[in-house]
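Protein chains: 2
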Amino acid sequence: MSQPKSFQPPQRRLMGPGPSDVSQRVLDALARPTIGHLDPAFVGMMDEMKGLLQYAFQTNNELTFPVSAPGSAGMEACFVNLLEAGDKVIVCQNGVFGGRMKENVERCGATAVMVQDDWGQPVDPDKLEDALKTNPDARLVAFVHAETSTGAQSDARTLVEVAHRHDCLTIVDAVTSLGGSPLKVDEWNIDAIYSGTQKCLSAPPGLSPVSFSERAAEAIKNRKTKVQSWFLDLSLVMGYWGAGARRAYHHTAPINNLYGLHEALLILKEEGLENAWSRHAHMHQALRAGLETLGLNFVVPEAYRLPQLNAVTIPEGIDDAQVRSTLLNDYNLEIGAGLGALAGKVWRIGLMGHASNADNVIYCVNALDEVLSKMGAAVKSGAAVDAAKQVLASSAAA
Amino acid sequence: MSQPKSFQPPQRRLMGPGPSDVSQRVLDALARPTIGHLDPAFVGMMDEMKGLLQYAFQTNNELTFPVSAPGSAGMEACFVNLLEAGDKVIVCQNGVFGGRMKENVERCGATAVMVQDDWGQPVDPDKLEDALKTNPDARLVAFVHAETSTGAQSDARTLVEVAHRHDCLTIVDAVTSLGGSPLKVDEWNIDAIYSGTQKCLSAPPGLSPVSFSERAAEAIKNRKTKVQSWFLDLSLVMGYWGAGARRAYHHTAPINNLYGLHEALLILKEEGLENAWSRHAHMHQALRAGLETLGLNFVVPEAYRLPQLNAVTIPEGIDDAQVRSTLLNDYNLEIGAGLGALAGKVWRIGLMGHASNADNVIYCVNALDEVLSKMGAAVKSGAAVDAAKQVLASSAAA
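Line by line, the protein sequences are chains R and Z.
If you're matching positions, the first sequence starts at 1119 in the numbering used here and goes up one per residue.
If you're matching positions, the second sequence starts at 1119 in the numbering used here and goes up one per residue.
It is worth saying that the hints were derived from the structure and are not from the lab.
No residue lacks a Cβ here, since even glycine has one placed at the ideal position from N, Cα and C.
It cannot be assumed that every hint is accurate.
[As the list claims (entries may be wrong)] Derived coverage of chain Z by chain R (criterion: at least 3 residues anywhere in the stretch with Cβ under 8 Å from a Cβ of chain R; other residues may be distant):
(1) 1269–1277
(2) 1342–1351
(3) 1371–1381
(4) 1397–1408
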């Protein structure tokens, strides 16, 4: 190992599937003095955080807090608390993260019945209905609201309705949707939901906001066995995050990361959730105009596209890795590779949170135009940037 | 909820059981621009981090990295990867954290045979030996090297020797010892070890450094069943943290927290591990002189005291909570309450990492002298501060 020294990361534009660009306000918050996890000043911040998360999730759920670990741990928190060995779960899969749900189910000693849809398509509510009819003993339905691996959005409200008709609880993956596109936990009657901080909230990775309905909380209370994870056991965690002035030590919360999330949620509140959703939609339209002018095609049909995660097919004969490393090295621009079945076949261009802005759209379209034209896969003409600018101008005028 | 605004934490002195004071260098590192978890620049930092952690642990173990969550998750990572349902484990308990180990064992479907020692005493190797003789089918021995709830240090080297004589693997809790007092993973033949960042490393909480020996890695490879936690499954995590340029996505690493840990480990390397251990020992002696002059008695016999965690008995008739809140509100000084069986009976005064310095020793002794004398439990005379200063002067001269 060469002599290590202080790490000075380069200044990138993060337009992959997350982490997204973190604003200076949030970075500044991270660097505030560390205080104790039981300090009354910190506990006051935790109370505010809960209110801010309830706003972001559009819920009044009492059981709303950030798990002290990344989104994958939030996913696991939902499954290990709601499942017991022998349970049966319907898992709808239309990308990588449905597969991860299956892993979680099986590691709880439960059975996963898979409902498959093509990658890039939304989850089909009719297929879910059929699976529930065939499996009347299923207790739970799990699906991904916004598939980060494809950029497809599923109709969470309808899927939850179907699940509830068959008396199943629901677990919803909202890692990529929270803060970026419409999500209404109470109105849609979602029972358990988890997200991440490094997507449309634009806080650093490391925390996973979760929320549980009354009905889910009741199911947890009535468990016959202990939760298999001590760290993620909600009956213990809530001694710390639950209401009331008396906070019991469970584990040491990631203090400074929580400062960052608090600031990021505050920024979202200041902008307003609906305004944030509109901004993501506008930026997506501008990026789309640019990418389509470059001849790049979207993986997901228009009706189901997530504005914050744009998966496009890599043109024939173009070297995936070379393009991405040129963008990173020559433009300090990170876009995402394909994941799972789509590895090598698509690029995933994120427009998430703080990174979802006009400057990034123009910069990315121009960089792709330059790099692809050098490889003979586009004609550098400025037309793509103009197309994006036109959309931006029209939305500004609107 | 009142209108939330940016959170401005007070500037405390953190002299509890952790988190400890975080230096400005580490805080500055946290605030550097977020980059991607697969960015080659970040991967280079990860390689350095591994070397720095190997130095801190005094090990060449390949399997050495920070779990992306607090120490409790590091503990769980050790147990879920090394245990399978039906296994038998000897757990030595002499404080709160041995009890948490038992919870972990049982939630893996394994059996915990408890070896109890009094709180404040070290783990007795003879009792462990007896338990191993009575339970020849035990596969694993787990114990806490440095009990954060009492400040007692156990003889890890001997305990591991005993365990190995009976062909058991070992899991060692080094949350409070790493960086603060002698710990030699390779020399002591420890098989699996976990720690935290917010104690003697003085990085913010949220990460858990772990290390696994070849023997432990082999045991994990030979498992018959999948690890019950997807998030903590080492066979998957090592696709990301393992050697080699090709890092596979598992979960999104807590980027900025890792910047902080990297800087904290660098500071430790610059000081030198042995120097850090000596500093902790010196500061402890000075604090001890001050506290004893105030009439405060240590919970742990001298031979087993951890320099970084000083548990003293609360004088008869003194209101625990009132003293701690006065110190916090009037002095911005955090000391720790008792935990578990010692709640309300002891204070835990930390001298950990960056917080283990002469200024803090003097400040704490003086503050306690003032607060206790107002309550009639000491006579404010300056003698306690003088006693501490005398030790500091002698060690400076040495």
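Hints, one by one, checked against the model:
1. 1269–1277: Contact hint for the segment 1269–1277 of chain Z vs chain R: violated, 0 residues under 8 Å.
2. 1342–1351: holds (count 6)
3. 1371–1381: Result for this restraint: holds, n = 9.
4. 1397–1408: violated (count 0)
This entry does not satisfy hints 1 and 4, going by the numbered hints stated previously.
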